[in-house]
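**Q** In case you want the letters, here they are:
4 protein chains.
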Amino acid sequence: MVFVLKLGVSRQSIEQFVGKIEAQGFKTFLSTGTEHTVVCLIGNTSTIDLNLVVETNEIVEYGKRVTEPYKAVGRTVHPEDTVINVGGARIGSGMFQVISGPCSVESEEQIVMVAKAVKNSGATMLRGGAFKPRTSPYAFVGLHEEGLKLLLIAKKETGLPIVTEIMNQTQLPLFEDVDVIQVGARNMQNFDLLREVGRCHKPILLKRGFANTIEELLMSAEYIMAEGNSQIILCERGIRTFETATRNTLDISAIPLLKHKSHLPVIVDPSHAAGIRALITPLARAAVAVGADGLMIETHNDPANALCDGAQSLNLEQFDELMKDLKGRITYENKQMGIDQ
Amino acid sequence: MVFVLKLGVSRQSIEQFVGKIEAQGFKTFLSTGTEHTVVCLIGNTSTIDLNLVVETNEIVEYGKRVTEPYKAVGRTVHPEDTVINVGGARIGSGMFQVISGPCSVESEEQIVMVAKAVKNSGATMLRGGAFKPRTSPYAFVGLHEEGLKLLLIAKKETGLPIVTEIMNQTQLPLFEDVDVIQVGARNMQNFDLLREVGRCHKPILLKRGFANTIEELLMSAEYIMAEGNSQIILCERGIRTFETATRNTLDISAIPLLKHKSHLPVIVDPSHAAGIRALITPLARAAVAVGADGLMIETHNDPANALCDGAQSLNLEQFDELMKDLKGRITYENKQMGIDQ
Amino acid sequence: MVFVLKLGVSRQSIEQFVGKIEAQGFKTFLSTGTEHTVVCLIGNTSTIDLNLVVETNEIVEYGKRVTEPYKAVGRTVHPEDTVINVGGARIGSGMFQVISGPCSVESEEQIVMVAKAVKNSGATMLRGGAFKPRTSPYAFVGLHEEGLKLLLIAKKETGLPIVTEIMNQTQLPLFEDVDVIQVGARNMQNFDLLREVGRCHKPILLKRGFANTIEELLMSAEYIMAEGNSQIILCERGIRTFETATRNTLDISAIPLLKHKSHLPVIVDPSHAAGIRALITPLARAAVAVGADGLMIETHNDPANALCDGAQSLNLEQFDELMKDLKGRITYENKQMGIDQ
Amino acid sequence: MVFVLKLGVSRQSIEQFVGKIEAQGFKTFLSTGTEHTVVCLIGNTSTIDLNLVVETNEIVEYGKRVTEPYKAVGRTVHPEDTVINVGGARIGSGMFQVISGPCSVESEEQIVMVAKAVKNSGATMLRGGAFKPRTSPYAFVGLHEEGLKLLLIAKKETGLPIVTEIMNQTQLPLFEDVDVIQVGARNMQNFDLLREVGRCHKPILLKRGFANTIEELLMSAEYIMAEGNSQIILCERGIRTFETATRNTLDISAIPLLKHKSHLPVIVDPSHAAGIRALITPLARAAVAVGADGLMIETHNDPANALCDGAQSLNLEQFDELMKDLKGRITYENKQMGIDQ
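Residue numbers (the numbering used here), protein chains in the order written: chain Y, 1 to 341; chain H, 342 to 682; chain P, 683 to 1023; chain U, 1024 to 1364.
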């Protein structure tokens, strides 16, 4: 950790500052330039709140961490890829899985029909919203508990593990039979919820907030791991930028960057990123090629009459075609990596 | 409401689409261009989910609402300014109030001392965090219940109504004696929380999310009003942009825009927007001039040793100077508007 | 084209507005709603400046174009893919080309050495900067005319066509022997320069500005085509967002979107998008998979001593490895599309 | 200047790196942490290209400048405010000036009429576009040389100095009688143009690019000063963000920040920032209060029939009212600062 001091700081106040730091058990080195003085800290600085030091010491111009602010989710302390087993489907380290299903669970017929179809096409997990976050208080918000029950029926019929979104921690008891709990983009910094799902013994699908940095995503994963749950799947789903031609801008670079910085599996949700059906296939192909560990794709038996997000949903035939297209690509990538999935 | 249909759509599918719309009780007008056909709806279209129509009807290129998606918070249905009474301090319609206090409540001595000082300088509400949202799981998160108790002691000592942030709806019972419940930027789209505070009979301070549009802020306020609570104070606190010289970019245009579109009072938080102490005074002056109804300013008895956000906090003397500077300005604005506050 | 009129507009002013529009030769349809009136125009509205109509007619709330503002670059008037022949290398419609070379031309030895190496690895065009845009007036700005001469020597030695950036239109005479003139991101809306290169009879490589929308990129291409030059290669090179982990955010969705809207070839520059060497290979793979027509990659014989952008340059061995990796992928894509390149 | 080295760098390569730095005449201090080594440079590091060092030395993780990359425009070397005299109107250091006029010069009658009116209302400089940058090649681009002539006629009639935009350096001879040359937002990083106007002996109005940082704006000003011209007026005109309710987001914090970092005068253009007439007055008030040195306001005799940007132009009466409103405010600010303008 390095602190650059302000111009014209007195010798006395530097000594005070250094004294304060050393009192916390760190060794320091001073480097006195022609203009500024730099204080370098030696020791395990992960316990120091960098901003706090800058904010509470008037003589400090700025500080810079040499090591990352996250520990448990980082590759430094955990170099091997994490592989997560979701009801037999293993994801991470080259094991590629496709999660598919409708935006919302609408009825037993619908969810069972979609589940059977996507399984048949090659999906290995079923998604479906029971609790839906909506910008307007007047929009359809999902079937709630009833939706969760229908998902479990679909699981029973197909054997597919289910992935569904939680909206707040009071709902946790309802999620006991859910296989993967999804924390949505708007909840990525709902820190109390992160702590609670950190105490679960289930895989968590953590979506990047549409205005959150890669570092913030990793810090939110750190919240979950800090409570003891290391089964986290990260999901890039597009960020908010000035471009309005797509719903969000898929940050494709985030995938190799996240995999470089962290050992956790990373998947891509092209449906929410693009918001346009015609872009799903090219973006899914890009996700496979860039090194993602999986995809999350919205599929609906009848997009023209879906209760939400129909414009970005594939129908069952389109999803089947996409999966046929992807299979060859996944095989190609596995061959390149010497993996026999 | 206007729907523009895709190129080359068949007469039959247009008729089907129009039939579907009219079956919902709307009158339509068709306008057949050389390239596209446009369908105009007449009637109270506030019950229609625009995106749903676009998404579920393949022949629709796009739709556009002629009226806003919010109702209760809009000026159209409620042209007069809303004035909110917080323990005697009236805010809105030219009544300007300053909320001040530390980022976090740290001790009884601290909060009482700051409360007395800011009251003395002219602040009419006391802020202080008991539950703090922090990016890192290892950072100081506030004194929780103990912090709330200390705030109430400071209220007793000074008579200042208190404003403090809630993190999730399970905390609501603890907020019974709080005067204004703050919903923070990261919770602006925590829709379940919005609904719950909508059922309170207290003023809500709703902060704009750092990546949320003005329309989304109004829709979140609509969530609260839809549950029956119309005592909402909106707060602009900076948005996330490419510029890194300031912590966030204060969207000063949002204030007159919000006041144009909505009847709710709008305040500015220059401390979080800038993140730099030297900018607080100029931004506070700009907020007064642009027509805000109030300010929220972080003040600390000892910023150099604050447990969070010290860099953006004023000390007690700086806050006193700021208030002296602002008083003349508020008087000036009131005189311009013919208000005798 | 559709205009939505403001609330409570008088019948007389509507008639005046409609009269003005019809005087320009358009047929109109009026649709009178319960709140707003909508005026729909029929005819070839490409000659109308939409914003002008909105801005100059107080009664208009807003207008919306039903068709795009560009014509010549759009697929509507030119459905077939444009294929551009650069000295024998054909780009577009599945013909994939790789442009490579150093950020700056530094010496004859350097550029010839790099040219030979990248050709050997499979690149079909040579890039190299002679005029360099730099944020600081004190930074290295390239060898200028001397740099162009060295590029021509490298071309002579290898047969590779050359691609190099122009900074302003006074330099055009110097670019006579250049094969492809690059218009850089900062010049994407230098409209006078666009017009001048539009009068050239050479391919233009038009880079997207780092804060320009996809529509603005197409409008800039339209400037070039409007002067008669239809040999335009579009290039996505990353946009400026709040994320700082990468230099820019590669907008991977822009590639299929541009190819959907326009007939022009689209390439990707992962070097400038990422600014990090380790991301070049995954992003290049994503570009191939997403349907790009080519890549532009910075390669340097000695990145550790490059005069600019060393951090994002591959060395000759890394580029060779990348090309080996890409060859199989390009073959795979061609097979999928039934192309025999 | 501080360089943080990568983990696990060998002693030998550190010595090589230090040797290279010291060979350039700098003294260094090494600070060896438990994980990273930090190299601190002492001496005048303004001659060092920071990025180049990072990019060309594999062992360097990152570097950080302790001093700013600009010199001539910074307060450090030039602490006093620069005051620029434009035909008698002095701007800077509390001298507040208002520049007004139409977006485009359209005819002699128009420009003379507007000039007389805005002068009468209190404007001290006349703006008007002769060369207009337009996104579409089919839009009105101004009267060119004829427009410049009409501006000079208006100057003769009113005595108002004129401010008008240059599009490229070949136009410079035409600008001989222009009082202030404006470099527009899209040309802020047209470095060749910056150099050329740096050789003029006239004030330059340099607008911030809509996606450029405050530091980049100062670096562009540095380009002009590096050629010998120190008469530069900086102009904030809004930046591009995700918010679409306004044309751009006025970065109000940029004004005090720029004035803190630089000695140059800073003005605000609320017309382009907002793009909405109703916001001009509140934003102009905010600009006065925040400490700007002037305003640039679009005014048109007949906005409803303006050839461009009518929606954001005030008419003559509105401008007169605005000026009456601002006069009291400017007097108020001057009194606060003890200035007798």
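Honestly, the hints are just simulated from the structure, not real lab data.
These figures come from a predicted structure and were not determined experimentally.
We treat Cβ as the ideally placed atom computed from N, Cα and C, and that holds for glycine.
One or more of the hints may lead you astray.
To be verified - As a list, the in silico BS3-like pairs of lysine-lysine whose alpha-carbon atoms are at most 27 Å apart:
(1) U:Lys1087 x U:Lys1284
(2) P:Lys798 x H:Lys405
(3) U:Lys1179 x U:Lys1142
(4) Y:Lys327 x P:Lys1006
(5) P:Lys838 x P:Lys1009
(6) U:Lys1139 x U:Lys1284
(7) H:Lys676 x U:Lys1358
(8) Y:Lys324 x P:Lys1017
(9) Y:Lys327 x P:Lys1017
(10) U:Lys1172 x H:Lys668
(11) U:Lys1350 x Y:Lys64
(12) U:Lys1050 x Y:Lys6
(13) P:Lys688 x H:Lys368
(14) U:Lys1347 x H:Lys676
(15) P:Lys702 x P:Lys798
(16) U:Lys1029 x Y:Lys6
(17) P:Lys1006 x H:Lys405
(18) U:Lys1094 x Y:Lys64
(19) H:Lys347 x P:Lys1009
(20) P:Lys1006 x Y:Lys335
(21) U:Lys1284 x Y:Lys64
(22) H:Lys368 x P:Lys746
Claimed, not checked - Beyond 12 Å from chain H on every Cβ pair, some chain Y residues (computed):
(23) Val53
(24) Ile59
(25) Glu80
(26) Ala89
(27) Cys200
(28) Asp302
(29) Ala306
(30) Glu317
**Q** For each hint, tell me whether it holds in the structure or not.
**A** For each hint, the structure was consulted:
no.: 1; hint: U:Lys1087 x U:Lys1284; verdict: 18 Å, holds
no.: 2; hint: P:Lys798 x H:Lys405; verdict: 56 Å, violated
no.: 3; hint: U:Lys1179 x U:Lys1142; verdict: 13 Å, holds
no.: 4; hint: Y:Lys327 x P:Lys1006; verdict: 22 Å, holds
no.: 5; hint: P:Lys838 x P:Lys1009; verdict: 26 Å, holds
no.: 6; hint: U:Lys1139 x U:Lys1284; verdict: 37 Å, violated
no.: 7; hint: H:Lys676 x U:Lys1358; verdict: 18 Å, holds
no.: 8; hint: Y:Lys324 x P:Lys1017; verdict: 15 Å, holds
no.: 9; hint: Y:Lys327 x P:Lys1017; verdict: 15 Å, holds
no.: 10; hint: U:Lys1172 x H:Lys668; verdict: 49 Å, violated
no.: 11; hint: U:Lys1350 x Y:Lys64; verdict: 46 Å, violated
no.: 12; hint: U:Lys1050 x Y:Lys6; verdict: 20 Å, holds
no.: 13; hint: P:Lys688 x H:Lys368; verdict: 20 Å, holds
no.: 14; hint: U:Lys1347 x H:Lys676; verdict: 15 Å, holds
no.: 15; hint: P:Lys702 x P:Lys798; verdict: 64 Å, violated
no.: 16; hint: U:Lys1029 x Y:Lys6; verdict: 26 Å, holds
no.: 17; hint: P:Lys1006 x H:Lys405; verdict: 50 Å, violated
no.: 18; hint: U:Lys1094 x Y:Lys64; verdict: 24 Å, holds
no.: 19; hint: H:Lys347 x P:Lys1009; verdict: 40 Å, violated
no.: 20; hint: P:Lys1006 x Y:Lys335; verdict: 15 Å, holds
no.: 21; hint: U:Lys1284 x Y:Lys64; verdict: 22 Å, holds
no.: 22; hint: H:Lys368 x P:Lys746; verdict: 22 Å, holds
no.: 23; hint: Val53; verdict: 10 Å, violated
no.: 24; hint: Ile59; verdict: 10 Å, violated
no.: 25; hint: Glu80; verdict: 23 Å, holds
no.: 26; hint: Ala89; verdict: 29 Å, holds
no.: 27; hint: Cys200; verdict: 16 Å, holds
no.: 28; hint: Asp302; verdict: 9 Å, violated
no.: 29; hint: Ala306; verdict: 6 Å, violated
no.: 30; hint: Glu317; verdict: 14 Å, holds
In this structure, the earlier hints numbered 2, 6, 10, 11, 15, 17, 19, 23, 24, 28, 29 are contradicted, and the remaining ones agree with it.
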